[in-house]
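S.K.: Residue numbers (the working numbering), protein chains in the order written: chain A, 1 to 349; chain B, 1 to 292.
Bear in mind the hints are in silico, worked out from the structure with no lab data behind them.
Since this is a predicted model, take the numbers as computed values, not measurements.
Among the clues, some could well be false.
[To be verified] Among the chain B residues that face chain A by a calculated CB cut under 8 angstroms, a handful are:
hint : residue
1    : 120
2    : 183
3    : 185
4    : 186
5    : 189
6    : 192
7    : 208
8    : 229
Backbone N, C-alpha and C fix where the C-beta goes; we use that ideal spot for every residue, glycine too.
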Amino acid sequence: MSGIEVENLVKAWGEQRAVDGVSFQVPEGALTVLLGPSGCGKSTILRLIAGLEEATAGSTRIGGRDVGRTDAARRGVSMVFQSYALFPHLSVRENILFGLRVRRVAADERRRRLDRAAALVGLADLLERKPAQLSGGQRQRVALARAIVSEQPVCLMDEPLSNLDAKLRAEMRDEIRDLQRRLGLTMVYVTHDQTEAMTMADQVVLLRDGRVVQAGPPADLYERPATAFAARFIGMPPMNILRRDRLPPDLGGGAGGGWVGVRPEHVDLEGCGEGGGLAATVAAVDYLGAETVVRLHRNGETLMARREGRLRLDPGATVVAAWPRGRVHVFDDKGIRRDGRITAPPLPG
Amino acid sequence: MTRDAMRHVYGWLLLTPAAILLVAFTHYPTVATVLDSLYSKGSAIRPSRFVGLGQYAQLADDPIFWKVLANNAWFALGTIPASVALAIAMALLVNRALPGRALVRMAYFTPTILPMIAVANIWLFFYTPDIGLIDQVLSVFGLPGHNWLGDTATVLPAIIAMTIWKEAGFFMIFYLAALQNIPPELGEAARLEGASRWTYFRRVLFPLLMPTTLFVLINAVLNSFKLVDHLFVLTKGGPDNASNLLLYYIFESAFSYFDTNYAATLTVVLLALLAVLALAQFFALDRRIHYW
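With these hints in hand, go ahead and build the complete structure from the sequences.
M.R.: Written out as structure tokens, the structure reads:
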């Protein structure tokens with residue numbers, strides 16, 4: 001019993017509302033990513049769940065139990081901090097065992113848990129080292145091991161990979177996901193990195209200015225973004241958002257204002273057969289190996305296209321861009337999805 | 001001259017100002033003091049002559065020297081642990097978010113910025129028999145007045161209390177600086193693990209403050225042997241040497257009894273004592289300190 005329900009959570013400092021009426025649920029044993037730009041309140045929500053901050057209003061339930069007035073140590077959560085928060089004067093062993101000693105766990109039980117956690121994260125040979133003698137990735141593992149030995153059902157992670165280089169980050173992503181599944185942890189994972197969100201999450205909660213923009217499986221957020229913000233936040237390069245009244249009907253245009261969104265990978269540069277397209281000027285061509293990203297200018301709007309392989313285009317050339325009508329996302333004036341359906345259709349086959 | 005030789009000349013010229021100051025005010029006086037301590041007191045009819053370690057033998061037989069040394073030991077024991085503990089407690093208190101924090105920090109630090117002579121005069125008023133602050137407060141409760149500085153039993157504790165008041169705020173600043181370098185996540189991590197404030201202090205904060213503690217301890221020991229200004233104003237070492245400390249005794253020997261050679265002997269002993277104490281602390285504690 002370790003599912004988390006957050007309801008109408010508010011955290012205000014004076015007039016400033018860092019978290020403004022946030023509700024979401026984290027199913028037991030699932031990995032939920034809180035995603036958003038810096039300052040969106042995602043870390044604050046994590047700290048509210050942990051009990052390190054006190055909510056101004058709203059409730060948090062862990063395993064069905066309201067923990068609003070429960071001390072952080074009794075909520076059944078462990079936490080991995082962005083800075084890892086290792087005790088610099090203690091060895092790896094003592095860092096991992098700190099909580100167990102504080103909670104007066106018996107010595108042989110301590111040893112059993114330590115051995116298991118050290119083996120799980122591959123630290124068995126480094127137990128006598130001090131944190132200063134470890135690499136970034138190894139420190140990260142100590143922080144993970146400390147969370148594992150506590151054997152708490154809920155694990156909270158605050159941007160745990162942001163201090164690692166790209167290669168190590170990809171490795172640790174897999175490892176954390178694997179650990180979470182093997183140990184059946186209920187995990188809340190805060191990040192601003194959409195790759196981490198897309199690859200690790202069972203559920204993504206996208207936040208902006210202290211509010212939930214959209215919550216759902218990663219595929220839903222990509223395929224059916226609820227707002228223009230969600231559409232642009234997820235996906236690299238971001239979705240093109242164009243003024244609707246300037247587009248021909250074939251490309252999703254129409255009267256009455258609002259915005260049309262189309263993913264760069266759906267923008268076709270060669271095919272202008274099916275009822276015309278948009279003439280645009282090539283501003284830049286980035287060849288990335290497996291694909292080419294082309295930046296186009298048209299009427300003061302920028303349009304990105306992403307095509308497989310290598311595209312021989314020169315900046316300054318004029319091309320015709322087009323996309324299938326069915327790939328279009330339509331947003332109203334305020335950037336809200338017009339068709340209202342934000343759950344992705346099941347994939348064919 | 002070759003270019004290479006010129007470079008040496010430039011080098012020495014650059015060093016000269018600092019070297020002159022060091023030699024004139026540190027090295028020469030030290031050496032001169034050691035030499036002086038080997039000579040007897042000179043006068044108009046009996047010139048000073050070499051006596052070897054004769055002055056040291058005289059010192060070993062001087063009951064006032066032993067009295068002063070014991071006083072100093074009690075003084076150090078009375079002031080150092082108390083002021084360090086108080087400094088840590090005050091630093092922990094003002095390191096938290098509390099209203100008027102800047103004001104409280106300043107209040108704790110004020111004793112340090114006051115001139116020593118002024119401080120001593122303030123406390124002289126506190127301790128004055130019958131009309132002083134302490135006796136006036138006592139009289140409210142119907143307790144009799146007491147000559148705090150005139151009684152051999154209470155004079156040293158009275159000086160100790162004033163010194164703690166003065167030193168704790170100074171040491172607090174160092175602890176406060178050290179505390180602000182400790183990331184707050186450490187406390188949060190410990191809190192999530194169920195550690196009480198005391199456990200967190202004992203297992204994490206105090207060990208991380210050890211480099212500061214070593215620095216503060218060495219300074220506190222030096223200060224406890226250097227105290228002299230307060231004694232001028234408050235007691236002049238009396239009554240019956242009950243509040244006389246080593247440096248004040250040196251001053252008395254040199255400028256009241258005009259026995260500069262005996263004062264030099266005392267100074268050498270003081271220097272040796274301080275060196276031994278500082279080194280002992282350094283070697284005893286440094287091994288166990290985690291610098292991070």
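S.K.: Failing hints, ascending?
M.R.: Violated hints (numbers, rising): 1, 8; every other hint is consistent with the structure.
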